[in-house]
Every structure is written in structure tokens, then in C-alpha cells.
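Asker: Residues per chain, in single letters:
Number of protein chains: 2
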Amino acid sequence: MIEGEEEVGSSNLGKFLEGNKEKLKADVVLVSDTALVTNDTPSIDVGLRGLAYMEVEVVGPNRDLHSGVYGGAVANPATILCKMIASMHDENNHITIPGFYDKVATVTDADRKALGEIPHSDDEYKKDLGVKALWGERGYTTIERTGIRPTLEVNGIWSGYTGEGAKTVLPSKANAKISMRLVPNQNSHEISKLFEDHFKKIAPDYVQVTVTPHHGGEPVITPTDSIPFMAASKAMEKTFGKKPIPTRGGGSIPIVALFEKVLGLKTVLFGFGLDSDNLHSPNEKYGLFNFYKGIETIPYFYQYFTEMKK
Amino acid sequence: MIEGEEEVGSSNLGKFLEGNKEKLKADVVLVSDTALVTNDTPSIDVGLRGLAYMEVEVVGPNRDLHSGVYGGAVANPATILCKMIASMHDENNHITIPGFYDKVATVTDADRKALGEIPHSDDEYKKDLGVKALWGERGYTTIERTGIRPTLEVNGIWSGYTGEGAKTVLPSKANAKISMRLVPNQNSHEISKLFEDHFKKIAPDYVQVTVTPHHGGEPVITPTDSIPFMAASKAMEKTFGKKPIPTRGGGSIPIVALFEKVLGLKTVLFGFGLDSDNLHSPNEKYGLFNFYKGIETIPYFYQYFTEMKK
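Here the protein sequences come in this chain order: X and Y.
Per the working numbering, residue 1 is the first one in the first sequence, and the count goes up by one each step.
Per the working numbering, residue 1 is the first one in the second sequence, and the count goes up by one each step.
No wet-lab data here; the hints were simulated from the structure.
Keep in mind the model is a prediction, meaning the values are calculated, not measured.
There's no promise every hint is true.
Copies of one chain are not kept apart here, so a pair can be met inside one copy or by any two copies together.
Quick list of in silico lysine to aspartate or glutamate cross-link-like pairs, EDC-like style, CA-CA up to 16 Å [claimed, not checked]:
#1 234 / 190
#2 266 / 27
#3 15 / 144
#4 25 / 57
#5 127 / 307
#6 126 / 205
#7 132 / 205
#8 200 / 124
#9 261 / 27
#10 238 / 40
#11 243 / 40
#12 127 / 205
#13 193 / 3
Chain X extracted, bound-state conformation (with noise of 0.2 Å):
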């Protein structure tokens, strides 16, 4: 099975694993789909964010107006826009969708502890990134803000005039793509609808808007006490000479959610990526390093597994 849909959401890879349950049967799903720490610092994700991406359409007068001729009595779309997307982090930059996070499930300190050992390093972050300073929820560190929050991003926004020079139009619509991350147990039905109907009652009486759901995906939990785990451990020790340490992805890759729901297949996330390898942004790449590391880790993982099974 080629499945060339996620990044539009794979809308037909439930029909097809609902229609073809006997001839997928398997004994574990292995993802490449993942990153390690760096290459010295092995690791294998044992969660992945989910997702609910939502684009909004915010209309005010029904025509473009000239900015002069109108600018001052007519409400912007742009501008409202703005507003409502500025309002929805608060000062700590917590989300203010009420009920956002009711079902976010309780992070063990035990668990914080541990992602806390993973090596991490803030100013090397931001001297790769290019920023001053970082950003994010109060209370929470690098690694937790990307791997055990949820989030809440603007992905795109356009309106009005965006070419070259100048025009002076006063926009009769604005629009974003805004989509959130989403950690155990939060649903993205649930947040998809708790967002809709928040961003209908920020809307002042200026504006009309319109709020339309793109794909979502689950946030999972995989195992680290199963055979395919310690198999993949093992292997990754093998070929790195050092023992993976556990972390949590920040993407989401949703085929494993629907693998488990329609098949009932755990999944091992056995990637060996990096995170700064440009995904989804110009001059993505993948290092001859990390591909030939993985080429030599996973018949390893092949040959513990069927051990380890027996």
C-alpha cells in the first residue's frame, strides 16, 4: 500500500484500511516519520501531537472599499481579524478557547522529570532558529511546550492588497489558516467544534464569519514496555552504541491513530530525521548520515523482533 495523502489529510486511508482489514493484518506498524535528538543522542518518540486545523473567513462590507472614501466608519476586516487572533492567547499564552484544555491529560512529574534529562540546550535553539528570545506558555520548558501542550498557530492569513507597492483598499474579507496541536486526551472533533463555536461569539456585530474544519488527527501515546519498543531499542543501541531515550514528537502523524482504531496495529515511531532538516519550509533535506543510520538500524530491528517474539 503507497499512500500519497497525508499532507491533505488522507481522506480516503480510512475507507481503504476499513475495506481491506484481512491482506493489511501485521504483527506492528513501523513509522520512519520521526526525529532523532541529534545524531550523537539516539531517541525514539513514544507520543505525537494531534491536530485540528481550521480556516476562518471573516467578512465585513460586501465589496472592497476605497480606504479613503470609507476608512474610519467601516469596520476592517483585517483589522477585526486581528483582534480575534491577538485575543486568543492570553498573556501567559495560554489559549483562550473556553474548554481548550478541560481534557489535556495530567503530565506525571515523573514523566516531566524525564523529558526534562533529554538534552536540550535553549541558546543553541535559538541561535539555530535565529531569535532572540524564545516564546511560548508560561510554566513550561522548550521541550514540554513542544512536546506535552497543545498549541495554537497561525499557519497563513492574507487579505486585502499583497503585491507589489501600494493600494489603498479597505478589504471586504480577511482569511487564516489556524490549526492547533493536540495532546492525549484531547479530540479534534471535540476542539474543532469548541473552536468553531468560540471564534462565532468573538466575532463582533461588524463582521460575518465563517469557520470551516480542514483535517485532524489524533494525538497518541505509544507503548515503551512492548516487544516492537524493545526491539527497536535494542537495535538503535546496536548501530549507535547508545541506548535510545524516549521522547515526544510535537508533529502529528495521524495513519498511527487510524491504524490502531481500524487495524488495532500498535505503531513503533522508528525515525531518524532531525528536527532542524527544514520540514515543511524551503531547502528540506535529509542527511546521507541519517539515511544510511537507518538503513543499518532497522534489519536490526527485524531480527530482534522475530528473537524477541519467540
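Mind docking chain Y on chain X? Use the hints.
Answerer: Chain Y in isolation, oriented as in the chain X frame:
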């Protein structure tokens, strides 16, 4: 002289005027780029707002990022730009740039009373624009908000992925085009500087901002006791059967201040369009009534001006 660069700032016109003062000598400038209150209510604009048009760029991380891998730990420049724009109007829709209103000329009660007598219905205005509620600076009417008060409008905003469907990107940068309409005695260069200083000051450490001014133009007030104005008024009275009322235009016609500054010429704003002509919008139009009424009226201006000048 034919000039076609108004909408891109007329950057060459000043130089041309300076070099051709002698050839461009005239009694008065007649500009037909303004609107009647309605086809039944002839009017002559006696003031225009100025313009300061800025482009801003807010840069966060040095590259587009995967919104799952990095989301939550790095400031999203689209979110930050929204917060910055949202902060530029307070709860009364006053503009928050320090010093912005310092030079705004006081409008007398008599002037406000005259503006209050211009036929206008907020209900019809809302119906025409398809909005449920109007928006604007507290304490001013619609006519005042678009005539005698300065404004700040987002003319364009863009960041991240704006195509069909979804892309889970945390964008590297966010941009906006923001323009301010100015009233006497604000100056476009001073206001541009105030905007730039303020925009840089409110930028948090997480981002770097660049502010680039596009074109500007100065606000103008045209005399109502001059022979050209009286000739124009009489010409309109002749063809419309009603004395035109003096109004204030919300738009900007930068050549008016430029002709006065370089050539020492006063202007009469002798336009025959309508605000509802969809200026700067799709399906811009100009009515046949207005076209023929202009053709009928303007020759009377020449006749009365010549007679009055004797």
C-alpha cells in the same frame, strides 16, 4: 501634461512640476476626482485627507518551520503581527500611536454643525455595504469619521500558506500594508516617522521588524470664498437646480497639495462621481448621468469664472 502614476505615488510629478513651472502657469486647478453626495444632492469637496502608507515586515525564525515540531516554543510572526495591529486601536477605536493626534486641527462647532447637515442615513449606508453595524472612532458621526478624523487601516496582510487546503507551517515572516489618512495639520512625513518609531517600539524581543514607507500625500483645505469656488458653485447650481453643499472628502489627491506647493495654484475639487462607484474595488463604474452632468456643468464654470474675474 498627462500623468498616470497617482496610484503608485506620483514619484516623478514633483520633479516635472519644478522643471516646468513657466509652462504650467494657470489661473486655477480644476480636479474632477471627487464625488457628489448623491445625484440629487450636488456638493463640492472643500477638504481632502492626506495619506501615509507603510509596509511592515515582522520576522520570527530564520526559516519556515514545521508547526508541530516547533509550534509552542517559537513566536509565530503572524500571531505577533496580529497582536501588534490589534494594539493600534484602543477600545474607543482611537489610534494608539503616541503623538498621532497632536497636530490634528480643531474642528469648530460651526464646522461640525455644517457637516451634520449633509444628507446622510447610517441605515442606508449599512444597507449599501451589507453590514449589520458600523464601526469607528467613538464620539464622531460617519461623516466626521470619513471627513475630518484621521484613520489607520490595514490595506493588506499576508503570511504563511495562503493556497488551497492546509499546510502545517509556522511561517518565518508576516507582512502588512498599513495606511493612515491624515487631516489638517498632520504631516505625512511626521506621521510616517511616528508610526515607524511606535511599530518598532511595540515589537517584542521574539521578532525583528522592518518598516518601509510607500508614498504619502498632505491633507488639504480648499477655499470657499474664492472666485474659482464661487464660479464652480454657480455652475453646479445652474445645471442641478440646487446650490451645491460643501463637503469633506475622505480620500487623498496628493497633487492638490503639490500643485499649491510648487506652482502656487489653488484647486477646486469639481467632481461628479459617487462614493458608491466601487472605487478601488472590482466593478468600478462611472454613471452616464454623472458623465453627462459633468460635460454639461464644466463649461459653465469657464463662463462664470471668466465673468467673475473681470
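Asker: Evaluate each hint against the coordinates.
Answerer: Now the hints, each set against the structure:
no., hint, verdict
1, 234 / 190, "neither (38 Å within a copy, 68 Å between copies)"
2, 266 / 27, "within (8 Å within a copy, 87 Å between copies)"
3, 15 / 144, "neither (35 Å within a copy, 60 Å between copies)"
4, 25 / 57, "neither (43 Å within a copy, 52 Å between copies)"
5, 127 / 307, "neither (44 Å within a copy, 76 Å between copies)"
6, 126 / 205, "between (41 Å within a copy, 12 Å between copies)"
7, 132 / 205, "between (39 Å within a copy, 6 Å between copies)"
8, 200 / 124, "neither (40 Å within a copy, 26 Å between copies)"
9, 261 / 27, "within (15 Å within a copy, 83 Å between copies)"
10, 238 / 40, "within (13 Å within a copy, 89 Å between copies)"
11, 243 / 40, "within (11 Å within a copy, 85 Å between copies)"
12, 127 / 205, "between (44 Å within a copy, 14 Å between copies)"
13, 193 / 3, "neither (28 Å within a copy, 54 Å between copies)"
Hints 1, 3, 4, 5, 8 and 13 from the list above are not met by this structure, while the remaining hints are.
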